[in-house]
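Chains as they are written, first to last, in numbering that gives the first Met the number 0: chain L, 0 to 165; chain D, 0 to 100.
Heads up, a few of these hints could be off.
[Stated by the list, open to error] DMTMM-like, lysine to aspartate or glutamate: derived pairs with alpha carbons at most 20 Å apart: (1) 84/L x 35/L; (2) 94/L x 53/D; (3) 50/L x 97/L; (4) 87/D x 111/L; (5) 50/L x 93/D; (6) 94/L x 39/D; (7) 128/L x 88/D.
In short, the hints are calculated from the structure, not lab data.
Chain by chain, the residues run as shown.
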Amino acid sequence: MDVKEIIKPDLIFKQMDFNTPEEVISFLAEKLTSNELVKSEFRPAVLEREKTFPTALFTGSINVAIPHTDVKYVNKPAIAIATLKHPISWRRMDKPEDDIPVSMVFMLAIVDPNEYVLFLSKLTTLFGKPDVLADLYNANSNADMANILLANLCGEEKQENKNKED
Amino acid sequence: MATDNKTLRILAVCADGAATSTVVAVRLREYFGNKGVKVEVVQGRVVDAKRSVESGKFDLVVSTAGSNLGITNVPVLNGIPLLTGIGKDQFFAEVEKVLKK
Chain L
0 MDVKEIIKPD LIFKQMDFNT PEEVISFLAE KLTSNELVKS EFRPAVLERE KTFPTALFTG
60 SINVAIPHTD VKYVNKPAIA IATLKHPISW RRMDKPEDDI PVSMVFMLAI VDPNEYVLFL
120 SKLTTLFGKP DVLADLYNAN SNADMANILL ANLCGEEKQE NKNKED
Chain D
0 MATDNKTLRI LAVCADGAAT STVVAVRLRE YFGNKGVKVE VVQGRVVDAK RSVESGKFDL
60 VVSTAGSNLG ITNVPVLNGI PLLTGIGKDQ FFAEVEKVLK K
């Protein structure tokens with residue numbers, strides 16, 4: 000699989016102004032739907048799933064959420080991303096009774112988890128890196144953000160030689 | 000490890016039994032593979048976890064969707080550290096501890 004097929008600048012939305020997880024989910028799911036990447040049932044399915052199984056991940060720095068749902072609602076693998084102007088309160092995946100402030104949302108539309116497992120594990124590992132999260136949040140453009148993601152999701156994990164001089 | 004030659008059986012669960020549990024399963028196979036411990040990781044959904052544990056002989060359950068699964072006879076650990084890498088060493092220390100019992 001080709002990560003460039005999944006990470007697309009036109010599915011990145013920076014500095015969005017939302018108040019609830021439902022608003023972000025609806026917005027991102029709508030973008031995936033209008034691009035025919037997911038079926039029309041995807042949006043209600045993600046919203047419904049999020050009620051029982053919320054998806055915020057506590058990172059210790061910029062917290063993220065990864066709303067997703069059953070693969071049967073997906074046409075073509077994609078990720079829609081939003082960075083939020085103001086953090087919004089989102090329930091934790093591992094402790095649904097706890098809310099944390101989330102500033103970046105990665106809506107996952109994946110087909111076969113086994114094919115995407117390496118990609119998914121690299122993506123979630125990236126959430127444990129505060130410097131990369133900050134770079135993504137502060138990226139100047141959609142293209143910049145896509146490039147940072149691609150640099151971290153493609154290739155071998157030991158290639159960490161660029162952008163190291165902050 | 001106090002597991003002798005038997006194969007460890009781990010149930011990895013997430014909300015849909017597809018996305019995050021796949022990552023958890025890979026991480027667990029990697030970890031035990033590197034230690035030369037035989038392991039069988041079965042994936043599932045949290046809603047089925049209790050029933051799976053009753054019918055299958057599992058040594059451990061790892062969940063990314065909360066640890067309150069109503070399971071009392073098998074240890075249940077939070078698998079989020081295997082996704083983000085945050086607290087991974089602590090997670091595996093806990094795994095070693097519960098498997099020694």
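Cross-check of the supplied hints:
1. As the CA atoms of residue 84/L and residue 35/L are separated by approximately 27 Å, the hinted pair breaks the 20 Å bound.
2. Our distance criterion of 20 Å between C-alpha atoms is broken by residue 94/L and residue 53/D, whose separation comes to about 24 Å.
3. A C-alpha spacing of about 13 Å is found between residue 50/L and residue 97/L, which places the hinted pair at or below 20 Å, so the restraint holds.
4. Restraint check: the Cα-Cα separation between residue 87/D and residue 111/L comes to about 26 Å, which exceeds 20 Å; the hinted pair is violated.
5. In summary, the hint linking residue 50/L to residue 93/D is not supported, as the alpha carbons are separated by about 30 Å, beyond the 20 Å threshold.
6. Proximity of residue 94/L to residue 39/D is assessed by CA-CA distance (about 27 Å); at most 20 Å being required, the pair is judged violated.
7. Pair hint residue 128/L plus residue 88/D holds up; C-alpha atoms about 16 Å apart against a cutoff of 20 Å.
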